[in-house]
Amino acid sequence: MAEQLQKQNRINIELTEEIAEGEYANLAMIAHSSSEFVIDFIRLMPGLPKAKVKSRVIITPEHAKRLLAALGDNIKKFEASFGEIKQTQDTPSFPMNFGGTVGEA
Numbered sequence: 001m002a003e004q005l006q007k008q009n010r011i012n013i014e015l016t017e018e019i020a021e022g023e024y025a026n027l028a029m030i031a032h033s034s035s036e037f038v039i040d041f042i043r044l045m046p047g048l049p050k051a052k053v054k055s056r057v058i059i060t061p062e063h064a065k066r067l068l069a070a071l072g073d074n075i076k077k078f079e080a081s082f083g084e085i086k087q088t089q090d091t092p093s094f095p096m097n098f099g100g101t102v103g104e105a
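Numbering (this note's numbering), first residue to last: 1 to 105.
These are computed hints drawn from the structure, not numbers from a lab. Ideal Cβ positions, reconstructed from N, Cα and C, are used throughout, including at glycine. Watch out, some of these pointers could steer you wrong.
[What the hints assert, rightly or not] 25 Å max Cα-Cα, derived BS3-like pairs, lysine-lysine:
1. 77 - 65
2. 65 - 54
3. 86 - 65
4. 86 - 76
5. 50 - 65
[Unchecked claim] Just the calculated beta-carbon pair ranges, DEER-fashion:
6. 82 - 36: 31 to 41 Å
7. 56 - 82: 21 to 31 Å
8. 67 - 46: 46 to 56 Å
Assemble the whole structure, with the sequences as input and the hints as a guide.
Below, the structure is given as structure tokens:
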């Protein structure tokens, strides 16, 4: 009976070859409304005047909180294996004033 319930709760996740390659991003901009969080993953290259949004993910507030918990848990596990992640600076050294409600990551 328990095995049957486990099979019913499984999700078949498809990962295409193109998506599996991933996108490099070294900046994330986060905005939110009362019903969603918008996370823009951006690639900022030194010496270039423009940064490109490589991917935008829109999630519900509940999923944003779950993501925060999962990311925190994974960071703890990473640091337990590889040591503390050092941050070189608290804020980017370029203007981040795009308007609206924005967080940084």
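Checked hints:
| no. | hint | in the structure |
| --- | --- | --- |
| 1 | 77 - 65 | 19 Å, holds |
| 2 | 65 - 54 | 23 Å, holds |
| 3 | 86 - 65 | 24 Å, holds |
| 4 | 86 - 76 | 13 Å, holds |
| 5 | 50 - 65 | 31 Å, violated |
| 6 | 82 - 36: 31 to 41 Å | 33 Å, holds |
| 7 | 56 - 82: 21 to 31 Å | 30 Å, holds |
| 8 | 67 - 46: 46 to 56 Å | 29 Å, violated |
When held up to the earlier numbered hints, the structure conflicts with 5, 8 and fits the remainder.
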